[in-house]
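Visitor: One-letter residues, chain by chain:
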Amino acid sequence: SAVISQKPSRDICQRGTSLTIQCQVDSQVTMMFWYRQQPGQSLTLIATANQGSEATYESGFVIDKFPISRPNLTFSTLTVSNMSPEDSSIYLCSVLQGADTQYFGPGTRLTVL
Amino acid sequence: QKEVEQNSGPLSVPEGAIASLNCTYSDRVSQSFFWYRQYSGKSPELIMSIYSNGDKEDGRFTAQLNKASQYVSLLIRDSQPSDSATYLCAVNLEDFNKFYFGSGTKLNVKP
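Chains as they are written, first to last, in the working numbering: chain A, 1 to 113; chain B, 1001 to 1111.
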């Protein structure tokens, strides 16, 4: 399976600021995803990061709030903009290997004060 | 709206027993089904995938799929305290490469 790393692993941020989360994979992958997991909840897909084009966002998530970059087949970033305490969550990137097998990075635990 | 439903638990079983985790899904076009294990504070890790009706065994784990009834289950034989975690069911719509996750079932295996 792919080896996925995320930076930072955790952060505490002030309201109104922005945080960029990086996701690095050790091999080229076609599809990368960004999820949010709030405490005690399941995974919610934020967007699919498309290489060379704009990300595809799920209902309830917008580019202005969660801009995503995917400059190549091994790297993506998610920015959480103008943060509020409601953005406190674990943010996970994942990759698709093979036809439909999904692997997750270790996650970024974000706390917004 | 694609829905994947799981009993949130907690499901408590004694060590050595069989743990049975269930998941139902609402979309008949779902083609691929997955079970993930998530330890507290960690990210989900893939345990098993299943694509065809019937049983699929991997060590102590058996996934069961019944597409007609739209359910998928995971059996864990000889449960160990280290199996204590939240188990997430996921279904995939291959045409769109979108995954839908259940809310997870918390399993406690008591020594």
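One should not assume that every hint holds.
[Stated by the list, open to error] Stretch-level coverage of chain B by chain A, calculated; a stretch enters the list once three of its residues show a Cβ under 8 Å from a Cβ in chain A:
(1) 1039–1051
(2) 1054–1061
[Stated by the list, open to error] Derived Cβ-Cβ restraints for the label pairs, each shown as a range:
(3) Gln1080/B - Pro106/A: 15 to 25 Å
(4) Gly1009/B - Glu58/A: 18 to 28 Å
(5) Asn82/A - Asp1055/B: 28 to 38 Å
(6) Ile63/A - Asn1022/B: 30 to 40 Å
(7) Phe61/A - Tyr1039/B: 24 to 34 Å
(8) Arg1077/B - Gly16/A: 19 to 29 Å
(9) Glu1045/B - Thr44/A: 31 to 41 Å
(10) Ile1018/B - Pro8/A: 38 to 48 Å
(11) Ser27/A - Asn1022/B: 30 to 40 Å
(12) Glu58/A - Ser1069/B: 40 to 50 Å
(13) Arg10/A - Asp1078/B: 28 to 38 Å
(14) Asn1053/B - Gly16/A: 28 to 38 Å
(15) Gly1041/B - Thr101/A: 40 to 50 Å
(16) Ser1020/B - Pro106/A: 28 to 38 Å
Honestly, the hints are just simulated from the structure, not real lab data.
Computed from a predicted structure; not experimentally measured.
No residue lacks a Cβ here, since even glycine has one placed at the ideal position from N, Cα and C.
Visitor: It remains to establish, for every hint, whether it holds in the given structure.
Guide: Status of the hints after comparison with the structure:
1. 1039–1051: holds (count 6)
2. 1054–1061: violated (count 0)
3. Gln1080/B - Pro106/A: 15 to 25 Å: holds (24 Å)
4. Gly1009/B - Glu58/A: 18 to 28 Å: 27 Å Cβ-Cβ, so the 18 to 28 Å window holds.
5. Asn82/A - Asp1055/B: 28 to 38 Å: Given about 49 Å between the Cβ atoms, the range is violated.
6. Ile63/A - Asn1022/B: 30 to 40 Å: holds (38 Å)
7. Phe61/A - Tyr1039/B: 24 to 34 Å: holds (27 Å)
8. Arg1077/B - Gly16/A: 19 to 29 Å: violated (52 Å)
9. Glu1045/B - Thr44/A: 31 to 41 Å: violated (19 Å)
10. Ile1018/B - Pro8/A: 38 to 48 Å: holds (41 Å)
11. Ser27/A - Asn1022/B: 30 to 40 Å: holds (35 Å)
12. Glu58/A - Ser1069/B: 40 to 50 Å: violated (28 Å)
13. Arg10/A - Asp1078/B: 28 to 38 Å: holds (35 Å)
14. Asn1053/B - Gly16/A: 28 to 38 Å: violated (52 Å)
15. Gly1041/B - Thr101/A: 40 to 50 Å: Because 24 Å falls outside the window, the suggested range is violated.
16. Ser1020/B - Pro106/A: 28 to 38 Å: holds (29 Å)
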